Amino acid sequence: MQRQVALIKQSLFDQGYLDEQFMELEELQDDANPNFVEEVATLYFKDSARLINNIEQALERGSFDFNRLDNYMHQFKGSSTSIGASKVKTECTMFREYCRAGNAEGCLRTFKQLKKEHATLRKKLEQYFQLARQAGPKEIARRPK
Amino acid sequence: MAEVLRPEKLDISNDTSSLASPELLHVLAVDDSIVDRKFIERLLRVSSCKVTVVDSATRALQYLGLDGDNSSVGFQDLKINLIMTDYSMPGMTGYELLKKIKESSVFREIPVVIMSSENILPRIDRCLEEGAEDFLLKPVKLADVKRLRDSLMKAEERVFKNIMHKRELEANDIFSQLKRAKI
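If you read the sequences in order, they're chains Y and P.
When the letters of the first sequence are read in order and numbered with the UniProt record's numbering, they come out as residues 1 to 145.
When the letters of the second sequence are read in order and numbered with the UniProt record's numbering, they come out as residues 1 to 183.
These are computed hints drawn from the structure, not numbers from a lab.
Please note that the accuracy of each hint is not assured.
With a Cα cut of at most 35 Å, we get these calculated DSBU-like pairs of lysine-lysine [claimed, not checked]:
| # | chain 1 | residue 1 | chain 2 | residue 2 |
| --- | --- | --- | --- | --- |
| 1 | P | K141 | Y | K116 |
| 2 | P | K166 | P | K102 |
| 3 | P | K141 | P | K154 |
| 4 | P | K146 | Y | K87 |
| 5 | Y | K112 | P | K141 |
For clarity, every value in this text was computed on a predicted model and none was experimentally measured.
Build the full structure now, drawing on both the sequences and the hints.
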């Protein structure tokens, strides 16, 4: 089971869903805080769901307030960076470029892709954390004491 | 003639260093992002710091008692050794918070570190010019925090040593005077 967990994690990195920042987070776990990464991830998905909702509403209104959209995306990119969500971060960057170019079509397209990446990551991480918990504490990267 | 004791053993229990406790730095962290707050708090705790986290510059000022409302604790009880603040925050930015702190006669000596996800040179320059201790690019690394903590601990140690040295000199001076007066 632990091998399975390790393989899932490796594939998340290999496929570019996660970057080194995720490993930095794992480094901060220890016996007293064995679920730190999962806690951060939970906060991230709750917070990013809120941002996606805000952006959705802003886009539905039809009038493109690029400043406001860019603002939301700045926050989204920030937290995605902090958790190591590499693909999501890339989509955020693209979205912001379209905002700056005033390209509404580009924004809509990128937002669709972003939501897809976000949902995929969420599913994969949920699976990973669930398996990691079942496998036992050995699989979670720890800081040396 | 009364015996005058040599002032060799100094009472160091009344130390005047501003450390919250002998080992722990107390850091006030300011960030509007809930993910980043969790992250920085963990980074600081792992680095053996005492942490207080707030979600806005306004709350930071309230905590420090700089918001004009005089109901907060005085500086002596607070003992903040470092402030780490995000740059881009709604309402008051980290830069504006930095300015307010540097304008305060009570808090201007506290080092303020700015954190930002954007590597904008004029921004960095502006912050450093305004008196920021350091400017860190997000995501902040554990190594950054440890480096900060180490340099602050060294600075605190220097201050402490200077104070103790000064006390020793004063005590020696008094001793000499008493000796001369042949009390």
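* Quick one: which hint numbers does this structure break? Sort them smallest to largest. => none
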